[in-house]
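Visitor: Turn these sequences into a full structure, and let the hints guide you.
Protein chains in written order, with numbering that gives the first Met the number 0: chain A, 0 to 138; chain B, 0 to 138; chain C, 0 to 138.
Honestly, the hints are just simulated from the structure, not real lab data.
Since the structure is predicted, the reported quantities are computational estimates derived from the model, not experimental observations.
Some clues are possibly wrong.
Chain A residues, not near chain C, derived (Cβ > 12 angstroms throughout) [as the list claims (entries may be wrong)]: (1) I3; (2) P13; (3) R14; (4) G15; (5) E25; (6) P28; (7) T45; (8) N54; (9) P57; (10) R61; (11) E83; (12) D87; (13) T97; (14) G113; (15) Q114; (16) R130.
The following label-pair restraints were derived from C-beta to C-beta distances [claimed, not checked]: (17) B:L82 to C:E25: 51 to 57 angstroms; (18) B:G15 to A:R61: 26 to 32 angstroms; (19) C:P13 to B:R10: 40 to 46 angstroms; (20) B:E64 to A:R61: 22 to 28 angstroms; (21) B:R21 to A:R129: 43 to 49 angstroms.
What the simulated footprint calls covered on chain B by chain A, stretch by stretch (three residues with Cβ under 8 angstroms from a Cβ of chain A suffice, anywhere in the stretch; the number is not a length) [unchecked claim]: (22) 0 to 13; (23) 51 to 60; (24) 77 to 83; (25) 90 to 97.
For every residue, glycine included, the Cβ atom is placed at its ideal position computed from N, Cα and C.
Read off the chains here:
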Amino acid sequence: MIWIQEDVRLRAYPRGFHLVTREVEEALPELSSIGVGVAHVFIRHTSASLALNENASPDVRRDFETWFSRAVPDGAPYFTHTLEGDDDMPAHIKAALTAVSLSIPVTAGRPALGQWQGIYLFEHRDGAHRRHVAAHVSA
Amino acid sequence: MIWIQEDVRLRAYPRGFHLVTREVEEALPELSSIGVGVAHVFIRHTSASLALNENASPDVRRDFETWFSRAVPDGAPYFTHTLEGDDDMPAHIKAALTAVSLSIPVTAGRPALGQWQGIYLFEHRDGAHRRHVAAHVSA
Amino acid sequence: MIWIQEDVRLRAYPRGFHLVTREVEEALPELSSIGVGVAHVFIRHTSASLALNENASPDVRRDFETWFSRAVPDGAPYFTHTLEGDDDMPAHIKAALTAVSLSIPVTAGRPALGQWQGIYLFEHRDGAHRRHVAAHVSA
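Guide: Okay, structure coming up:
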């Protein structure tokens, strides 16, 4: 049996929804030698999160930002956890609404993503942060 | 150690929330021989998603559709990704809000679901699609 | 290879958002002997759910309750699944919006949580329930 466990430090991304499929795959070169397995991608933060979603159109990423920022508004008057800024509590809620871990089957050396699926980083905070992702693959 | 990996092609379901527990289990007959393991159920799409939820009342499924379609309205004027129809961008958002993968312990030959839990397919697009689910079991 | 599978019965918590990291870890003393592995934490219910989120400020937990109860209101007139109370259908929706399973890498005997991450129980029903969590660790 093979275990691979890597701490992947992503580049800094501004607030928004970003495709990081290639960045994650490049941090896991051992994947290519795995015939059948499963990869767990885990983000170690509470104000950024993960998703698998549409990997083609930039307008999808923009519309994500629009919808999430309307649904969980910065500086809403009913928030009490405001010491770290108007975007902080909304970031925690958006993180709870999306994914902290993705479990993806690995087949023939690659994550078995659907044709239109890419790995997304959802950066919910204003300002650019370098986020840590822990990847764990077993095969 | 045992690995099972199957590409499960579900029947075509119309827009809405559908119980597919039996369909998924029947595609994995090897489950019955597993004493202790874990099953990962992964949907390979960006406009349909998964959940574990209440497995008894049809009105729960109807209320899911009502709530999600109010929260993420078809054809909302702030969406810019509209080329593929009024239901397309909402489908991507609903998929991000729910689950793309479920990791379920397997005990004594069966997924260790709670009494009221069933595996749901959330079909977010108008029109019926046949969706692919990749199932990976390790034991 | 090591498999650990435990049925963890949590204490009863009232409606709200509760940190249960210690309770889950104490139910898995075998974790401390694991160098590299992955832990799956799975809740066997449809009206309570899980998250990893901010582990420090009580006001974060309060704001979670405020936001979720505004987004999915008890007794909304468009719900039809009302036999089990005004809080029941909202509980199912909140569970679908958050997590039923968390997959967390294990490193050097501990879940590789980020500095600010804690395991949350989201209890969506009025009244206190004792919830069952199935934990599965492979290493």
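Visitor: Taking the closest pair, is the beta carbon of A:D87 still more than 12 angstroms from chain C?
Guide: The assertion about A:D87 is violated, with a minimum of 9 angstroms to chain C.
Visitor: Three residues minimum, CB to CB under 8 angstroms: does the stretch 77 to 83 of chain B make the cut for coverage by chain A? Let me know.
Guide: n = 4 at 8 angstroms, threshold three: holds.
Visitor: Quick check for students: does the CB of A:P57 sit more than 12 angstroms from each CB in chain C?
Guide: holds, 26 angstroms
Visitor: Using Cβ atoms and 12 angstroms as the threshold, tell me whether A:T97 really stays out of contact range of chain C.
Guide: violated, 9 angstroms
Visitor: Can you tell me whether the CB distance of B:R21 to A:R129 sits inside 43 to 49 angstroms?
Guide: holds, 45 angstroms
Visitor: Is it correct that the beta-carbon of A:P28 has no partner in chain C closer than or equal to 12 angstroms?
Guide: holds, 18 angstroms
Visitor: Once the closest CB in chain C is found, is it more than 12 angstroms from A:Q114?
Guide: With a cut-off of 12 angstroms, A:Q114 remains clear of chain C, as the shortest Cβ separation is near 24 angstroms.
Visitor: Taking 26 to 32 angstroms as the stated bounds, is the beta-carbon spacing between B:G15 and A:R61 within them?
Guide: holds, 28 angstroms
Visitor: Please check whether the beta-carbon of A:I3 is more than 12 angstroms away from every beta-carbon in chain C.
Guide: At roughly 9 angstroms from the nearest Cβ of chain C, A:I3 sits no farther out than 12 angstroms, so the non-interface label is violated.
Visitor: Check the non-interface label on A:R14: least C-beta distance to chain C beyond 12 angstroms or not.
Guide: holds, 18 angstroms
Visitor: A cut-off of 12 angstroms on Cβ-Cβ distance, and A:E83 was said to be off the interface with chain C. Does that hold?
Guide: violated, 9 angstroms
Visitor: Take a quick look at A:T45 and tell me if its Cβ sits farther than 12 angstroms from every Cβ on chain C, holds or violated.
Guide: About 5 angstroms separates A:T45 from the closest Cβ of chain C, which leaves it inside 12 angstroms; violated.
Checked against the numbered hints above, the structure violates hints 1, 7, 11, 12, 13, 16 and 23; every other hint is satisfied.
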